[in-house]
Structure formats: structure tokens, C-alpha cells
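Generate coordinates for the entire structure from the input sequences, incorporating the hints supplied.
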Amino acid sequence: MEEKKNLTLNYVAIQIGMWAMYAPLMGYTSVFLLAKGFSNTKVGIISGLGCIISAVLQAIVSGYADKEKSKSVKTLLIMFAGLQIVLAVVLLALGNNFVLAIGIIFGSLISIMQLMVPLTNSIAMEMMNQGKEINYGAARGTASMMYALLVNAMGIFAKGDNLSIVPIATILSASILLAGTVLFPFKKAVRIADSGTERKTDTKPFLIKYPKIALFVLGAICAYVGHNLINVFLFQIVTLKGGTHVNMGICLSIAAVCEIPVMFGFAYMVAKRDSSVWVRVGSVGIMLKIILTLVVPDIISLYVVQVCQLFGFATFVVATVYYANYAVKECDRVKGQAYMTMANTLGIVFASMLGGVLIDRYGTNGMMMVGSVITIIGCIMIFISTTKSKVEAA
Numbered sequence: 001m002e003e004k005k006n007l008t009l010n011y012v013a014i015q016i017g018m019w020a021m022y023a024p025l026m027g028y029t030s031v032f033l034l035a036k037g038f039s040n041t042k043v044g045i046i047s048g049l050g051c052i053i054s055a056v057l058q059a060i061v062s063g064y065a066d067k068e069k070s071k072s073v074k075t076l077l078i079m080f081a082g083l084q085i086v087l088a089v090v091l092l093a094l095g096n097n098f099v100l101a102i103g104i105i106f107g108s109l110i111s112i113m114q115l116m117v118p119l120t121n122s123i124a125m126e127m128m129n130q131g132k133e134i135n136y137g138a139a140r141g142t143a144s145m146m147y148a149l150l151v152n153a154m155g156i157f158a159k160g161d162n163l164s165i166v167p168i169a170t171i172l173s174a175s176i177l178l179a180g181t182v183l184f185p186f187k188k189a190v191r192i193a194d195s196g197t198e199r200k201t202d203t204k205p206f207l208i209k210y211p212k213i214a215l216f217v218l219g220a221i222c223a224y225v226g227h228n229l230i231n232v233f234l235f236q237i238v239t240l241k242g243g244t245h246v247n248m249g250i251c252l253s254i255a256a257v258c259e260i261p262v263m264f265g266f267a268y269m270v271a272k273r274d275s276s277v278w279v280r281v282g283s284v285g286i287m288l289k290i291i292l293t294l295v296v297p298d299i300i301s302l303y304v305v306q307v308c309q310l311f312g313f314a315t316f317v318v319a320t321v322y323y324a325n326y327a328v329k330e331c332d333r334v335k336g337q338a339y340m341t342m343a344n345t346l347g348i349v350f351a352s353m354l355g356g357v358l359i360d361r362y363g364t365n366g367m368m369m370v371g372s373v374i375t376i377i378g379c380i381m382i383f384i385s386t387t388k389s390k391v392e393a394a
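What the sequence shown shows, in full-length UniProt numbering, is residues 1 to 394, in sequence order.
Hints listed in this document are in silico derivations from the structure and should not be mistaken for laboratory results.
Accuracy of the hints is not assured; some may be wrong.
As the list claims (entries may be wrong) - Straight line, CA to CA, 30 Å or less: simulated BS3-like cross-link-like pairs of lysine-lysine:
id: 1; residue 1: K132; residue 2: K272
id: 2; residue 1: K209; residue 2: K74
id: 3; residue 1: K36; residue 2: K272
id: 4; residue 1: K132; residue 2: K74
id: 5; residue 1: K42; residue 2: K241
id: 6; residue 1: K329; residue 2: K132
id: 7; residue 1: K329; residue 2: K5
Following this line, the structure appears as C-alpha cells:
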């Protein structure tokens with residue numbers, strides 16, 4: 001009997017490159033754009049528009065990738081990673097000149113980054129469905145360790161208005177992603193031709209075909225609004241608590257380190273309890289984090305709040321990858337991953353646009369109060385919509 005090949009080590013580089021990219025492009029969005037002269041509202045608009053474009057592209061690209069004669073997920077990922085490097089090089093070359101171009105390019109970098117997430121998830125799930133071994137949680141946990149190191153290093157190197165570390169870190173992370181994808185031994189699955197009845201069913205829009213998944217996605221969007229209000233506007237939150245961008249880097253590092261145990265242990269967790277249980281646990285953790293972020297008085301207590309990442313975002317983001325692979329039919333799995341990522345993308349959109357306006361009008365605490373209410377609503381929707389079978393999801 002053929003030995004099952006373990007591709008976890010091959011996959012680690014893809015995850016490291018993907019999530020390290022979040023350090024400069026999400027962790028330092030506000031710091032970078034505020035230094036270039038953008039207001040809080042404009043920071044939100046740039047981030048939000050980038051994510052709106054990404055959400056549209058995710059639907060288009062996932063629909064294309066699920067077709068039998070489409071280019072492989074690996075090929076698409078290579079193309080987008082290459083484009084990301086080119087744009088980051090241009091951003092670095094611009095320096096502090098052509099502010100409008102800086103805003104457009106930064107928004108484009110966010111858009112492409114979000115677009116690549118479901119592709120990196122699909123590459124792993126496709127190989128696992130073919131019988132190859134990949135410990136997704138371990139790969140994702142390793143990526144979180146690298147993210148923690150990078151955001152902490154960026155906090156040290158970010159000096160005043162000289163934030164060239166942001167495009168440089170983007171170039172490095174995108175290069176790792178590109179190299180990891182090129183070297184990954186991916187083979188596109190050959191599907192057995194669908195019956196006429198199934199082809200007819202598959203013409204239904206994804207969210208109509210899976211109504212409970214549709215409600216789940218709405219709940220996830222609300223949960224991600226809370227998560228991303230903290231991420232996108234962490235600099236403003238830290239400043240309110242009496243800190244600086246160095247403290248912001250420490251907060252991001254603590255949160256990333258707290259993700260690691262769950263991600264490395266998720267294969268064990270999902271073997272003990274269904275992924276539908278863990279998405280619920282994760283939504284509660286996200287809700288608790290934004291509420292506690294609102295009420296804590298200082299930087300030290302804000303550091304402690306980052307522990308919520310353990311059974312919050314860390315659990316939720318990995319559980320949704322498994323849940324999307326489980327709760328939909330094989331022919332819809334790339335779309336399933338795309339919609340889970342799209343939930344985060346739209347969460348960033350609403351968080352960015354809403355957060356910037358709320359801060360300018362009502363202050364940082366006002367923003368977090370609204371975010372807490374939205375996240376509670378999302379948590380309730382997730383509890384209502386989670387299912388343990390494809391039949392219930394459809």
C-alpha cells in the first residue's frame with residue numbers, strides 16, 4: 001500500500017508568507033497611512049475600498065477556480081504573489097511622494113493579500129482531500145510565530161515618518177509566499193463528470209444553495225467587524241490607553257503568540273469536537289476581546305486582553321477553514337473557502353469605513369462600543385446557523 005505523503009513542511013512556507021504579509025498591510029495600516037498625511041476617515045476608506053474590491057474578486061476567482069478546465073489554484077497564487085511584489089516595490093520607490101498613488105497602491109496591496117487567503121487554504125484542503133497529510137493548524141501556528149516576530153521587529157524599526165519597513169516587509173513576505181507556492185507539489189484534482197441533475201443544481205448561487213451557510217457568513221462578518229476594528233485601529237486604541245507604536249507592536253506580538261497553541265493543537269481539537277463547535281467557541285472569544293478592550297484602563301491590562309486571541313480569532317479562523325471544507329459539496333469547496341475569507345474581507349471593509357468615521361466623530365471608545373454590539377449580534381447568528389451536516393447546511 002502506498003504510504004501517505006506528509007506535505008506539512010512544504011506547506012509551512014506558504015502560510016508563513018501569507019500571514020507575515022498581514023503584519024505590514026493590516027497591523028501597520030494606520031501607522032503607515034497616518035504618517036503619509038491621511039486622516040482616520042481616509043485610512044478607513046483606503047482599507048475598506050481595497051477589501052471591497054477583494055470581496056468582488058474573491059467571488060469571481062473562486063467561481064473560476066472551481067471549474068474543471070480552469071488554471072490550478074497554485075498557478076493563480078503564483079500570479080497574485082508576483083503582482084504583490086511588483087506593487088510593493090513601487091510603493092517603496094515612491095517614498096513620501098505622490099500621496100494619491102500611495103493610497104491607491106496600498107489599497108491594492110490589501111486587496112490582493114485578501115484575495116490570496118482562500119487560495120492558500122484551498123491548496124491545503126485540496127491535497128488533504130486527495131489523501132495527503134497536512135497539519136493545517138501546525139502550519140498556521142508556525143505562521144503566527146513569524147507574524148509575532150515580524151510585527152515586534154517592525155515596531156522597533158518604525159521610526160517617525162520613515163516607514164519604509166512596511167513595503168520592505170511586504171516584499172519579503174510575498175517573496176516567501178511565491179517561493180513556497182512554486183515549490184509546493186500541488187496536483188489539481190480530476191473530478192468525475194457531474195450528472196445532469198447535479199449540474200443543474202450547481203447553477204444556483206452559492207448562498208442560496210446553502211442558506212445556513214449564508215446566515216453563518218453574515219454572523220462571521222459581524223464577528224470580524226469586531227476583530228478588525230481592533231486590528232485596523234489598534235494604534236488609536238493603544239494611544240488612548242497611554243501607549244505608543246512600540247506598545248502596539250507588543251500587543252500584536254502577544255496576540256500572535258497566543259494563537260500558536262490552538263493552531264498547533266487544532267488537529268487534536270477537531271478530532272475531539274466537530275469544527276461546528278469550535279467556530280462557536282471562536283465567536284465567543286472574539287466577542288469577549290472587543291468588550292474587554294473597551295473596558296480596560298491601561299496598556300498593561302490591554303496586554304492581558306490579548307490572551308483572548310487564544311480561543312477567539314485563532315480558534316475561529318482555523319475552524320472556519322475546516323468547516324467550509326466539511327459543510328459544502330466537493331464542487332463548491334473553493335467557493336466555500338472564498339466565502340469564509342470574504343466574511344473577513346467584508347469585516348475589514350465595514351470596520352475600516354465605520355471605525356474611521358466613528359473615531360473622528362465619537363472617539364475611540366465610541367467606536368469600540370458600536371463594535372461590541374455588532375460582534376454580539378454576529379455571535380448569536382453563528383450559534384443559530386452552525387450545522388453538523390451538509391444536508392442541514394443546504
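Now for the hints, and whether the structure bears them out:
Straight-line distance between C-alpha atoms of K132 and K272 comes to about 21 Å, which keeps the hinted pair within the 30 Å bound. Simply put, K209 and K74 have alpha-carbon atoms about 27 Å apart, close enough for the 30 Å limit, and the pair holds. In summary, the hint linking K36 to K272 is not supported, as the alpha carbons are separated by about 49 Å, beyond the 30 Å threshold. Taken as a hint, the K132 and K74 pair is honoured in the structure, with Cα atoms around 16 Å apart against an allowance of 30 Å.
With a CA separation close to 23 Å, the supplied pair K42 and K241 stays within the 30 Å bound. Under the criterion of a C-alpha separation no larger than 30 Å, the hint pairing K329 with K132 is consistent with the structure, at around 19 Å. A distance of roughly 25 Å separates the Cα atoms of K329 and K5; the hinted pair therefore holds under the 30 Å criterion.
The structure is inconsistent with hint 3 alone, although it conforms to all the rest.
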